[in-house]
Amino acid sequence: MKPINRHKGKVAPLDMVNVDTDQIIPKQFLKRIERTGYGQFLFYDWRFNEDGSINTSFILKKEKYKNSSILVTGDNFGSGSSREHAPWALGDYGFQIIIAPSFADIFYNNCFQNGLLPIVLDKEIVKKIINKTTNENEFNLNIDLESQMIWDDTEEISINFDIEEFRKYCLLNGLDDIGLTLNEENKIKLFENKRSKTGGVISI
Amino acid sequence: MSNTNPKTLFEKIWEKHIVDEKEGQPTLLYVDLHMIHEVTSPQAFEGLRLSNRKVRRPDLTIAVADHAIPTWKGRDPISDPIAKQQVETLSENCKEFGVTLYDMYHKNQGIVHVIGPDLGLTQPGKIIVCGDSHTSTHGAFGAFAMGIGTSEVEHVLATQTLRQFKPKTMNININGNLPNGVTAKDLILGIIKNIGISGAVGHAIEYTGEAITNLSMEGRMTVCNMSIEAGGRAGMIAPDDKTINYLKNKPFAPKGDDFRIATDEWLNLKTDQNAQYDTQINIDGNEFEPFVTWGTNPGMVAPITGKIPDPKNSQDEDEKSSIIKALEYMGLKANTNIQDIEIDKVFIGSCTNSRIEDLEAAAEVVKNKKVNSSVSAMVVPGSTLVKKIAEDKGLDKIFIEAGFEWREAGCSMCLGMNPDILSPKERCASTSNRNFEGRQGKDGRTHLVSPQMAAAAAIAGHFVDTREI
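Protein chains in written order, with the working numbering: chain D, 1 to 204; chain C, 1 to 469.
These are calculated hints, taken from the structure and not from any lab test.
Using N, Cα and C, we set each Cβ at its ideal position, and we do this for glycine too.
Only true hints are included.
In silico PhoX-like links for lysine-lysine, alpha-carbon gap of 25 Å or less:
#1 Lys-128(D) / Lys-320(C)
#2 Lys-16(C) / Lys-189(D)
#3 Lys-64(D) / Lys-10(D)
Anything over 12 Å on all C-beta distances counts as not near chain D; from chain C, calculated:
#4 Thr-4
#5 Thr-100
#6 Asn-173
#7 Pro-179
#8 Met-217
#9 Lys-333
#10 Asn-335
#11 Met-378
#12 Glu-468
Simulated restraints, written as ranges between beta carbons of each label pair:
#13 Ile-125(D) / Ile-82(C): 38 to 46 Å
#14 Glu-185(D) / Glu-265(C): 25 to 33 Å
#15 Val-120(D) / Pro-251(C): 42 to 50 Å
#16 His-106(C) / Asn-135(D): 53 to 61 Å
#17 Arg-467(C) / Val-120(D): 42 to 50 Å
#18 Lys-62(D) / Thr-305(C): 39 to 47 Å
#19 Lys-62(D) / Lys-393(C): 56 to 64 Å
#20 Glu-192(D) / Glu-96(C): 17 to 25 Å
Full structure from sequences and hints, please.
Below, the structure written as structure tokens:
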């Protein structure tokens, strides 16, 4: 996993609440057996018309949001299905930071497994970011994960965000969870030995 | 003996599974049962292969093909080459890594959340995970069961453990009993209506109260299944005699003395008196009616006697725009009577409502009646075993005579990853769990209801109050 520390990027707004993972990546694209190449299918049903032509009215299709790496959106982003194809698609499309007032649990977890940083900010701040990126010609945000700071170029917005220390540590170092856990092999073995005393039928 | 540190059911299960705990880090938990399917596992196996890792406990891992497989008679062939490759990849991966697989022709095959309980793999006190958000279903047995992403699937395959930050606890207590004619599906739709689709985010829910304990195991599974639609990390119900009776003699349940020992332990799995939940919700059982969703998320719910809401009456701007967007997608007008909504399709199935009790309830409604000429209707049993039991009871004949299609087991039109999908603008009364845009097919319009309500709608051609038939 690629480490994240400092990031600066253009901000694209998706001013909607409860954007579910069925919208982020529709089911017809879940049949692939790879981890890559999902960006082309991101928000497919919104980005494309029925005949396959591009829906130019969809917000992310606007020229000024081209090559954005930060997505700002409404409450409960990523609800519904556990499909990790959702962060794969967002990452592959080019987003690295997702900002929302709240996220659904499984999606939030899945982001960290894929080097995407979900940032929870107050609703008022999120609204302010959406307004700024909508109204200004080009709006960028700067993120410093180490100091947990996020600010715009004019520093009109400059705020701290919360993140669990462990998640931060893993993102900063691009760490693989499995490798970390395999270091605890002795503890897993110990647990399994105790567990098997009850025949493995009942957890100890 | 006074209990100085009363604990909730969830906390008891959590603590029994701690392999390692470090300050500020997610807890390392042992996983008792890992279920996998074709859609969320290929990339996990690929990860193992790339890093030269094995499946640590193939004996605690079960694979099943359910999401992308055809449900028509005989199943063959899988016409979609990409789905075919996915199903074949699961077979190859299971063979290479020594995991038991129930492929689409196996007698134990079915929707992952139906076969776990069917086979007695699902047991109280276990930690159960699967790369599928509806894993919460298994909580009906007093297990801590949750959906995980593919990276976590790989983590569990490699280590048989999972790193998790401890969720908060929530108690949803239903006071008193449910009114007549109100089903488990109505109960959970009503709960989601009440607390909202993000109402339980960050929480493991425990459902309590007379209305819950009075439910059958099938009903409890329906309730726990849709915990995720309220944002919950898991849903659970303390085991009782119904749980024990359900599991007795199931193929993978313990036998003889082991079962007696297990029973003693299972019946002790309950929240201690005076234990505190982080969040407490109380809802009066009388508040529930047969419900129908009218919008594009499972919290957009109205009683069968009600109307489509009017966005003009909404104070909250986000809510108002959500309603407007949902009504546009659903092709519905504000203030329409729910009972005036005409439907094109009926789908009875999914991990929410495809068990034998669900099929019996629906068959009861359609017996000696005919599906409305403007409706096409299908029943997809949750597992090959459920299908067989239903056929032994003659339910298939009742459905077929009424004009329903009778299918092989699978996820089918719940998410339309196989050929069972809605056409654009088709309107479906569905016993499944999600009415998101495009869920059952691009531009398809889904209304979530109970099996009884779906069956009655198939006959009438529109929604009807099942209490009046």
